[in-house]
Amino acid sequence: MEFEVLVQLKSEVLDPEGRAIQEVLKLQGVAGVSGVTVAKRYLVTLDATCKNPEATIQDVASRYLANPVAQVYQVKRLHP
Amino acid sequence: MSPQKDAASSLRVGVLQFPGSNCDADCVDALRRHFQIEATLVWHQDTKLPKLDAVIVPGGFSFGDYLRSGALAAHAPVMQDVKRFSEKGGAVLGICNGFQILVESKILPGILLHNLSQTFICKTVHLKDQSGNVLTMPIAHGEGRFYIDKKDLAALTDEGMIAYQYSSLAGEVDEASNPNGSVSNIAGIYSKNKKVLGMMPHPERATDVAMGGSKDGLVVLRNFIERI
Numbered sequence: 167m168e169f170e171v172l173v174q175l176k177s178e179v180l181d182p183e184g185r186a187i188q189e190v191l192k193l194q195g196v197a198g199v200s201g202v203t204v205a206k207r208y209l210v211t212l213d214a215t216c217k218n219p220e221a222t223i224q225d226v227a228s229r230y231l232a233n234p235v236a237q238v239y240q241v242k243r244l245h246p
Numbered sequence: 172m173s174p175q176k177d178a179a180s181s182l183r184v185g186v187l188q189f190p191g192s193n194c195d196a197d198c199v200d201a202l203r204r205h206f207q208i209e210a211t212l213v214w215h216q217d218t219k220l221p222k223l224d225a226v227i228v229p230g231g232f233s234f235g236d237y238l239r240s241g242a243l244a245a246h247a248p249v250m251q252d253v254k255r256f257s258e259k260g261g262a263v264l265g266i267c268n269g270f271q272i273l274v275e276s277k278i279l280p281g282i283l284l285h286n287l288s289q290t291f292i293c294k295t296v297h298l299k300d301q302s303g304n305v306l307t308m309p310i311a312h313g314e315g316r317f318y319i320d321k322k323d324l325a326a327l328t329d330e331g332m333i334a335y336q337y338s339s340l341a342g343e344v345d346e347a348s349n350p351n352g353s354v355s356n357i358a359g360i361y362s363k364n365k366k367v368l369g370m371m372p373h374p375e376r377a378t379d380v381a382m383g384g385s386k387d388g389l390v391v392l393r394n395f396i397e398r399i
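Protein chains in written order, with this note's numbering: chain A, 167 to 246; chain B, 172 to 399.
Honestly, I wouldn't trust all of these hints.
[Claimed, not checked] Heads up, simulated DSS-like pairs for lysine-lysine below, C-alpha to C-alpha not over 27 Å straight-line: (1) B:Lys-277 to A:Lys-206; (2) A:Lys-176 to B:Lys-366; (3) A:Lys-206 to B:Lys-222.
[Said to hold, decoys possible] Beyond 12 Å from chain B on every Cβ pair, some chain A residues (computed): (4) Glu-168; (5) Lys-176; (6) Leu-180; (7) Glu-183; (8) Ala-186; (9) Leu-193; (10) Val-196; (11) Gly-198; (12) Asp-213; (13) Asn-218; (14) Ala-221; (15) Leu-231; (16) Pro-234; (17) Gln-237; (18) Gln-240; (19) Val-241.
[Stated by the list, open to error] Cβ pair distances, simulated, as ranges: (20) A:Arg-229 to B:Asp-217: 18 to 26 Å; (21) A:Gly-201 to B:Arg-203: 51 to 59 Å; (22) B:Asp-200 to A:Val-199: 45 to 53 Å; (23) A:Gln-194 to B:Arg-183: 53 to 61 Å; (24) B:Arg-183 to A:Lys-206: 35 to 43 Å; (25) B:Ala-347 to A:Lys-192: 24 to 32 Å; (26) A:Val-199 to B:Glu-346: 23 to 31 Å; (27) A:Arg-185 to B:Thr-211: 40 to 48 Å; (28) A:Arg-207 to B:Arg-398: 39 to 47 Å; (29) A:Thr-222 to B:Lys-277: 20 to 28 Å; (30) A:Gly-198 to B:Gly-303: 34 to 42 Å; (31) A:Val-196 to B:Leu-212: 39 to 47 Å; (32) B:Arg-398 to A:Arg-229: 28 to 36 Å.
Hints were generated in silico from the structure; no laboratory data involved. Quick reminder that beta carbons are idealized off the backbone N, C-alpha and C, glycines included.
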């Protein structure tokens, strides 16, 4: 089964890449853009030998893919 | 040879090697040339450190800097034993990528994020130590913006864990001298017991005037060796 893990900086941590994109959009005259946040998307496939996929993907996301000091993550199951 | 150097030469220091480490040989050379210490190289897949008095986690691009700088190396087998070693009071020095590995493995607090400029910065900077001395040495990193939340920053300050701050040559710790956007201009921190030091600047690259003028890296290395 396939999971999507989205990792991004916590809202209180400055995201200079997102801010730079937002600034350029503003300079280009794109109206109404009040925020841009950059996130990293991981696709993780677990096979049948994984006994507890939900727990495994949470462990992978929290211990490896995201660092809780400055990042948050969301897990979504894409394919059963 | 000074008596201090004689005493230092019996120290057993291990320098870790990960795929992508590129300052390991510089550290070995600096210890040999200036402190008469024959360091042992330790491979990342080793599950147990040899008998050592101190560990150096060198700079480089371990595991290609994938995921986050230092994040994959933090899970290497050898780091489990480095963690145990530090918990028992062992001395550990992490330089640049080594600092990133130490925070990712939770041996030191905080995290190192992409530089505010989103660019790789390679230049000479000035650092202020806890005694107010200003040292000059190079930085070379893309992810060196030290971040920690306000509560933990206050704890770092209260515990005297801020080892080095980016400053001007005159010792002013200000925004203009902060190369990467680190909170409070932090360039390096100690553990609570001061036995672990992590820093983004490269002391091992400032040990000989032939390397670009400054020998201030020797001050950092000497302080580290004296704390072992």
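We went through each hint and held it up to the structure:
no., hint, result
1, B:Lys-277 to A:Lys-206, "22 Å, holds"
2, A:Lys-176 to B:Lys-366, "31 Å, violated"
3, A:Lys-206 to B:Lys-222, "41 Å, violated"
4, Glu-168, "19 Å, holds"
5, Lys-176, "9 Å, violated"
6, Leu-180, "7 Å, violated"
7, Glu-183, "6 Å, violated"
8, Ala-186, "7 Å, violated"
9, Leu-193, "17 Å, holds"
10, Val-196, "21 Å, holds"
11, Gly-198, "25 Å, holds"
12, Asp-213, "21 Å, holds"
13, Asn-218, "20 Å, holds"
14, Ala-221, "18 Å, holds"
15, Leu-231, "7 Å, violated"
16, Pro-234, "9 Å, violated"
17, Gln-237, "8 Å, violated"
18, Gln-240, "17 Å, holds"
19, Val-241, "16 Å, holds"
20, A:Arg-229 to B:Asp-217: 18 to 26 Å, "22 Å, holds"
21, A:Gly-201 to B:Arg-203: 51 to 59 Å, "53 Å, holds"
22, B:Asp-200 to A:Val-199: 45 to 53 Å, "52 Å, holds"
23, A:Gln-194 to B:Arg-183: 53 to 61 Å, "60 Å, holds"
24, B:Arg-183 to A:Lys-206: 35 to 43 Å, "40 Å, holds"
25, B:Ala-347 to A:Lys-192: 24 to 32 Å, "26 Å, holds"
26, A:Val-199 to B:Glu-346: 23 to 31 Å, "27 Å, holds"
27, A:Arg-185 to B:Thr-211: 40 to 48 Å, "45 Å, holds"
28, A:Arg-207 to B:Arg-398: 39 to 47 Å, "43 Å, holds"
29, A:Thr-222 to B:Lys-277: 20 to 28 Å, "21 Å, holds"
30, A:Gly-198 to B:Gly-303: 34 to 42 Å, "50 Å, violated"
31, A:Val-196 to B:Leu-212: 39 to 47 Å, "53 Å, violated"
32, B:Arg-398 to A:Arg-229: 28 to 36 Å, "31 Å, holds"
Checked against the numbered hints above, the structure violates hints 2, 3, 5, 6, 7, 8, 15, 16, 17, 30, 31; every other hint is satisfied.
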